[in-house]
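Given chain X, put chain P in place with the hints provided.
These protein sequences, in sequence, are chains X and P.
The first sequence begins at 1 in the working numbering and counts up by one.
The second sequence begins at 1 in the working numbering and counts up by one.
A few of these clues could be false.
[Stated by the list, open to error] Pair ranges (Cβ atoms, derived):
no. : chain 1 : residue 1 : chain 2 : residue 2 : range
1   : P       : V26       : X       : P113      : 31 to 39 Å
2   : P       : W143      : X       : R99       : 49 to 57 Å
3   : P       : Q189      : X       : E378      : 16 to 24 Å
4   : X       : N221      : P       : E155      : 57 to 65 Å
5   : X       : P113      : P       : E213      : 29 to 37 Å
[Stated by the list, open to error] Covered stretches of chain X, going by a simulated chain P footprint (3 or more residues, C-beta under 8 Å):
no. : segment
6   : 114–123
7   : 154–168
8   : 185–198
[Said to hold, decoys possible] No farther apart than 20 Å at their CA atoms in a straight line, the calculated lysine to any residue pairs in the SDA-like style are these:
no. : chain 1 : residue 1 : chain 2 : residue 2
9   : X       : K117      : P       : Y194
10  : X       : K117      : P       : A199
11  : X       : K310      : P       : E204
12  : X       : K310      : P       : I75
13  : X       : K310      : P       : A199
14  : X       : K310      : P       : I92
15  : X       : K305      : P       : M91
16  : X       : K305      : P       : G96
17  : X       : K310      : P       : S200
18  : X       : K310      : P       : D71
19  : X       : K310      : P       : Q90
20  : X       : K117      : X       : D196
21  : X       : K127      : P       : T190
22  : X       : K310      : P       : T93
23  : X       : K310      : P       : N68
In case anyone wonders, no lab produced these hints; they're calculated from the structure.
The C-beta atom is built at its ideal place from N, Cα and C for all residues, glycine as well.
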Amino acid sequence: MRAWEIGIIGGGPGGLMTAYTIQKWANDPFRITLLEASDRLGGKILTRQFDSVSAHYEAGAAEIYDYSHMGEDPLKELIAELGLPIARMEGSTAVVGDRPLANLDDMHDRYGPDAVKAFAEFNRRAKDRITPQEFYSPDPEAVGDPSIRRGFDVALNAIPVPEVRSYVEQFIHSDLATEPENTSLAYGLQNYLMNDHAYMSLYGIAGGNEALPRELAKRLNAEIRLRHRVASIEKTAEGRMAVTTECRGSRSVSTFDAVVVALPNAAMRNVVFRGNRLASAMAEHRAEYDHPAHYLRVTIAFRKKFWHGKLNESYCMLDQFGGCCLYDESSRNPGGGYPVLGWLIAGEAAEALAGLSDEQLIEKALDSLPSYFSHGREWIVEGRVHRWLDAVNAIPGGLQARTLDWRHRPEPVDHPNLFAVGDYLFDSTLNGVLDSANYAAMWIVSLLADTPKESHDRPAALGTPRAIADKYRPAPVLARR
Amino acid sequence: MRLPTNTDLPPSWPAGSVTHRVVYRVEVGAAGRILAELPFPLNRRAIALLSGDATPAEMELLSVPFENPEDAELIARVREWIAVGASAPQMITFQGAQLFWGAGRAAVIAPQSRLTALEVLLAELAYFELEIGAIEKSLGGFWPDLEADAGPAFELDERTHRNRKKLGERFRQLLGLRARLTRILPFVQTPHVYPPTLASQVSERLRERLRMEHRIEILQQQLDVFERIYDACGTRVSEFTASKKGHLLEMIIIVMLAAQTMLVLFEVLTIARN
Chain X
1 MRAWEIGIIG GGPGGLMTAY TIQKWANDPF RITLLEASDR LGGKILTRQF
51 DSVSAHYEAG AAEIYDYSHM GEDPLKELIA ELGLPIARME GSTAVVGDRP
101 LANLDDMHDR YGPDAVKAFA EFNRRAKDRI TPQEFYSPDP EAVGDPSIRR
151 GFDVALNAIP VPEVRSYVEQ FIHSDLATEP ENTSLAYGLQ NYLMNDHAYM
201 SLYGIAGGNE ALPRELAKRL NAEIRLRHRV ASIEKTAEGR MAVTTECRGS
251 RSVSTFDAVV VALPNAAMRN VVFRGNRLAS AMAEHRAEYD HPAHYLRVTI
301 AFRKKFWHGK LNESYCMLDQ FGGCCLYDES SRNPGGGYPV LGWLIAGEAA
351 EALAGLSDEQ LIEKALDSLP SYFSHGREWI VEGRVHRWLD AVNAIPGGLQ
401 ARTLDWRHRP EPVDHPNLFA VGDYLFDSTL NGVLDSANYA AMWIVSLLAD
451 TPKESHDRPA ALGTPRAIAD KYRPAPVLAR R
Chain P
1 MRLPTNTDLP PSWPAGSVTH RVVYRVEVGA AGRILAELPF PLNRRAIALL
51 SGDATPAEME LLSVPFENPE DAELIARVRE WIAVGASAPQ MITFQGAQLF
101 WGAGRAAVIA PQSRLTALEV LLAELAYFEL EIGAIEKSLG GFWPDLEADA
151 GPAFELDERT HRNRKKLGER FRQLLGLRAR LTRILPFVQT PHVYPPTLAS
201 QVSERLRERL RMEHRIEILQ QQLDVFERIY DACGTRVSEF TASKKGHLLE
251 MIIIVMLAAQ TMLVLFEVLT IARN
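Just chain X, same shape as in the assembly:
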């Protein structure tokens, strides 16, 4: 009897969460090998230090969604399980036309009562479309109202006051990471509604979000191979999966009973899937979720917190770059290190500006500050830039309503033990990637349990009934998109 071999491709949050969940749930012998192309684990969760001063900042995923007031919140529970402290994040202000606009009173003073009425009407319509419960736990397989698949620009264009339209667009632009016409009405509304605490709130991990992958990796009993880029995946004659990797110019092949591809959708194009059926299924899978969205992160450490008194929340929105989120990174760690501001530039602006040098981008970021922050230039210590092109999905979950099985098993007939995991299958968030990882892990654990105990020589049979999967599912963790 030999242990099942499970290969996980990608050392980002998806890969780590899948490995951790399998380890937690499985009762049968197995071995996990985690293959990561870069020299670090964590993927899009990246907490970095400045060179010249003691201050850290989020260079990747900025925040985590908190749904715990609605019911189970698997990610928050996981973070608590790992013993990580959290810090709440708040932000209600947008700087529009060099002046802060933070509430209905500001809108009334600036644009008049018609603007407030138009905004209230848009807000009402958005809430009519998606209730907090539907936001928390939608049925990802339901076809639903087909109009929800129209572009988000349709909803924006229905706002009769141009200033309000522009305000809404800019306020959620950095969450969407794309332009309204490039995403669905549903995703646009979700990103608008997430500002309401009845739907969700935001938090980060105190000390840096990268503590999450770091703590997961510490607890893994897996062989982790860094700098192993996966070149190809194919099915062997014995029905197993052969994964060819490249490391420092040399190639090697490992075979697994099950393989989890936990790569960003864009990174999949670098992997060759051999065999007609698999190649075509993976091409279809990639095309379904090929809605690239982009980010640029510009982060600057200052000697003085010159924004004190003006920016009292964790972040605010700027009407620059089509709508840009400005984080007070130091609010994540009150009392520690140098004050830091971080710009999250998104969508077309990020794509267009990505070719500029770091110095030019830092200059542009400083230019984007409102005039009452212009004296901040004299306090600069160090600036950093991180480019995340094609790193997230503009229509996560795709335009079509697909079953969770379809999303996670791209070719279930000949390759039933090949799984896809990623935030792009749910909602482009860390919460979504955990849902996805849990789903794939549940399948693998049920396949493991389904394999005859006398011999693990062959992989489990195709199509384990969902009833068996349900048996090994400890709790309804598949909430949210």
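Just chain P now, with coordinates in the frame of chain X:
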């Protein structure tokens, strides 16, 4: 329309600065002008007392219209005003307004257009703060009684039974405190408002800064303990009273039986003698 000024501030204060001496009443009467209508069903109004009215104020509110609420000198003066009697006044800078909170005093510096909304908000919040403070104080005074009454909650003696009216009165007072607390809960624990108004944003932050939710949670836990003890005391008193009545009845029956036995004996002896 500006409300009446109750205390004339020195002319060195920005024009339009006023202080309001506020009381909370059901009826306005001749006492002053309505500053804020507290939401239903609180059935109270925040009333700014008229100048010269000697009625003791429940809170004082300083309102300073100023286009630059971050003026350091002005802030220092307001802090000085609010610090009377308060060890560590709270200060919040938010959306172009400065809010200050001390013991029995609150102050706001904001542009004129925002001032009225913030005055109303502070008057409302002060009522909730006063209520919570009053409940905390009352409940604090109950602890020595509670310690004395914890024993009877398990076993009652004759002496304590004689004090049952006092026990009942304490229980009634506790229920009264619980009712007061429950009445303000929907307003103190009101959910986040979206889209927000300046008042809702400031209210959320002030409630958080004053730890209102946390204090209410503690008060509820304390009230639970008190109620459990006095509930048990009530049960013991009822049992004691019932058993005392039972004993009396038993004694009456015993006496009657004894009397009957004596009569029978007397009758038997009389017959035997004859």
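- Task: State, for the Cβ atoms of V26 (chain P) and P113 (chain X), whether the hinted interval 31 to 39 Å holds or is violated.
- Result: holds (34 Å)
Q) Does I75 (chain P) lie within 20 Å of K310 (chain X) when you go C-alpha to C-alpha? A) Distance of about 16 Å is within 20 Å: holds.
Decide if the proposed pair is consistent with the structure: K117 (chain X) and Y194 (chain P), CA atoms, cutoff 20 Å inclusive. holds (14 Å)
Apply the coverage criterion to the segment 185–198 of chain X and chain P: a residue qualifies when its Cβ sits closer than 8 Å to a Cβ of the chain, and three qualifying residues are needed.
-> Contact hint for the segment 185–198 of chain X vs chain P: holds, 4 residues under 8 Å.
Practice item. Could you tell me whether the CB distance from P113 (chain X) to E213 (chain P) stays inside 29 to 37 Å? Key: holds (34 Å)
Within a Cα-Cα threshold of 20 Å, do K305 (chain X) and M91 (chain P) meet the stated pairing? With a Cα-Cα distance of about 19 Å, the restraint between K305 (chain X) and M91 (chain P) holds, given a limit of 20 Å.
Indicate whether the distance between the beta carbons of Q189 (chain P) and E378 (chain X) respects the range 16 to 24 Å. Cβ of Q189 (chain P) to Cβ of E378 (chain X): about 45 Å, so the range 16 to 24 Å is violated.
Regarding the pair K310 (chain X) and D71 (chain P), is the alpha-carbon distance no greater than 20 Å? With a Cα-Cα distance of about 13 Å, the restraint between K310 (chain X) and D71 (chain P) holds, given a limit of 20 Å.
Between K310 (chain X) and E204 (chain P), does the CA-CA distance stay at or below 20 Å? holds (18 Å)
### Pair hint K310 (chain X) and S200 (chain P), alpha-carbon separation not exceeding 20 Å
This hinted pair holds, its Cα atoms lying about 19 Å apart.
Tell me if chain P covers the segment 114–123 of chain X under the three-residue, 8 Å CB rule, please?
holds (count 3)
Can you confirm whether the C-alpha distance between K310 (chain X) and N68 (chain P) stays at or below 20 Å?
Given pair K310 (chain X), N68 (chain P) holds - Cα atoms ~12 Å apart, limit 20 Å.
When held up to the earlier numbered hints, the structure conflicts with 3, 7 and fits the remainder.
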